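Undergrad: Chain by chain, the residues:
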Amino acid sequence: MRIKRSSSLLPEVRRGKPVNINVDGKPVEAYEGETVAAALLSAGIHTFRLTQKHQHLRGLYCGMGICYECLVTVNGVHAVRACVTQVAEGMQIETCKELEL
Amino acid sequence: MKQTFDVIVVGAGYIGCSAAYHLCKAGLKTALVEQGPPAAGASRANYGNIQIQDMELEKSSDMIQLARTRFAHLEEELGNKVGLRQISGLLTIETESQWKLMETRRSTVSTCGIFSELIPAEHLREVEPLIDPSGLLGALYHAHEGQVDPFKLIWSYLVAARRLGLQEYYQTPVTGFALNSGRIEGVQTSQGFLSAGCIVLCSGAYTAQLGQMLGCEWDIHYILGQALVTEPFDLLLRSHIASASFFEPAENEEPGTVRANFAISQSPHGHLLMGEAMYEAYHFKRHVPFQSLSSVSASVTNYFPVFSKLRILRSWSAPVAHTADSCPLLGPSSRYQGLFLAAGFRSTVIVTPLIGETVAGLVTRGKLEFDISNFLPERNNYAH
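Just so you know, the protein sequences line up as chains H and R, in that order.
Going by my numbering, the first residue of the first sequence is number 1, and it counts up by one from there.
Going by my numbering, the first residue of the second sequence is number 1001, and it counts up by one from there.
Looking at chain H on its own, in the form it has when it is part of the complex:
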């Protein structure tokens, strides 16, 4: 869900240029300057990965690069922190992807 300007009394919402990204094969709305985590949450995707041992759901937690809970696969690179990675044109993001050694 994204913030919309619902009244002329509110300030204008300013965003960067639209960027084309794909999440698990589907196009998702994203703007320049946003993090991967912001784009995923805006698209209603809350589960970023599953834990290795018990397959429990994990998503954004600390939001500042410390806790390593929000790991996703970006352009085939496993375990990228969604909260500190900015979106880029043509980015292919995969959630809940198991590591293949």
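These aren't lab readings, by the way, just hints derived from the structure by calculation.
Predicted model, so just to flag it, every value in this text is computed and none were measured.
Hints should not be assumed to be uniformly reliable.
BS3-like mimics (lysine-lysine), calculated; alpha carbons at most 25 Å apart, straight line [what the hints assert, rightly or not]:
1. H/Lys17 to H/Lys53
2. H/Lys4 to H/Lys17
3. R/Lys1025 to H/Lys97
4. R/Lys1309 to H/Lys53
Fit chain R to the supplied structure of chain H, relying on the hints for placement.
TA: Quick look at chain R alone, frame taken from chain H:
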């Protein structure tokens, strides 16, 4: 604040927590004093391996053999799972001289009844399927080693000791010792004076600093050990793998030199622990030098190209105690009555349960199950 105890244990690492538990179990009123939180030094920065491959062979074999027997009932005794599992140990051999060294080692450990075998490179994959044996001559293989979760083990000791009345003082550095005509009477801490007739120092790399307060110069130094931790994956690695170069006599290196001695293990939670670039240091800094990242990961992917896809999540560095003759400082100090040491162990996890018992035996003047005369703190006239 004045509090009186039978015995005060300084240091809440593997040895200190085990000692505290066994002292409480022996019915003594025990306090545990620690400058940081529990398991803050080398006890938080290690692989948790119950290993015999690291042992000093001449004087420690009785102790290690006895120590191994203590793991069978450990979880039962502590009433807690400590992540105990069996893994094997592999020492990879790159050169002819290392092969000779490992051959000698194999025959020595077999005389103490520990089975190991030399495996030529072409059969290495039978014991460790993921290894790339090109560039290796072979490896020395111990089938029976093990692993625990360091934090679960230390926590289990603390919980069990607490049930028996242990008093804990964390974030409480020792600032001095109270002495009276050659007897220990207590410790001065940041939280006040704690009185006890017996003090046990289980302070690992920090033991020398405490020794200075007592005017003792024990032969205990430290090196900084580091490791990198990757994201978790399925438990695929069967052994703890280290390079035989660990056993080669160290050349005269300047303190501060990074040595990428290859050593890897998979933690019970699936993380690959890879290290350990060790260097001797005069400081207690806990940073990981940037050279370690490339040198350690290069040495790992060299033998395990399959791990090149793994991403490193974090790293650690901690001062690890060591002594010139690789034997621990264990036993009563000859200088002060009531002062005991248990520090400087080469392979700590394997001796943790046994040394706890030994410390309790020393303090209560009970019978010890092995001879500690080679480990006495003031052996070789190190004390002045």
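Undergrad: Determine for every hint whether it applies to the structure shown.
TA: To see whether the hints hold, each was checked on the structure:
1. Under the criterion of a C-alpha separation no larger than 25 Å, the hint pairing H/Lys17 with H/Lys53 is inconsistent with the structure, at around 40 Å.
2. At most 25 Å may separate the alpha-carbon atoms for a hinted pair to count; H/Lys4 and H/Lys17 meet this at roughly 16 Å.
3. For the suggested pair R/Lys1025 and H/Lys97, the alpha carbons sit about 49 Å apart, so the restraint of at most 25 Å is broken.
4. For the suggested pair R/Lys1309 and H/Lys53, the alpha carbons sit about 19 Å apart, so the restraint of at most 25 Å is met.
Comparing the model with each earlier hint shows violations of hints 1, 3; every other hint is respected.
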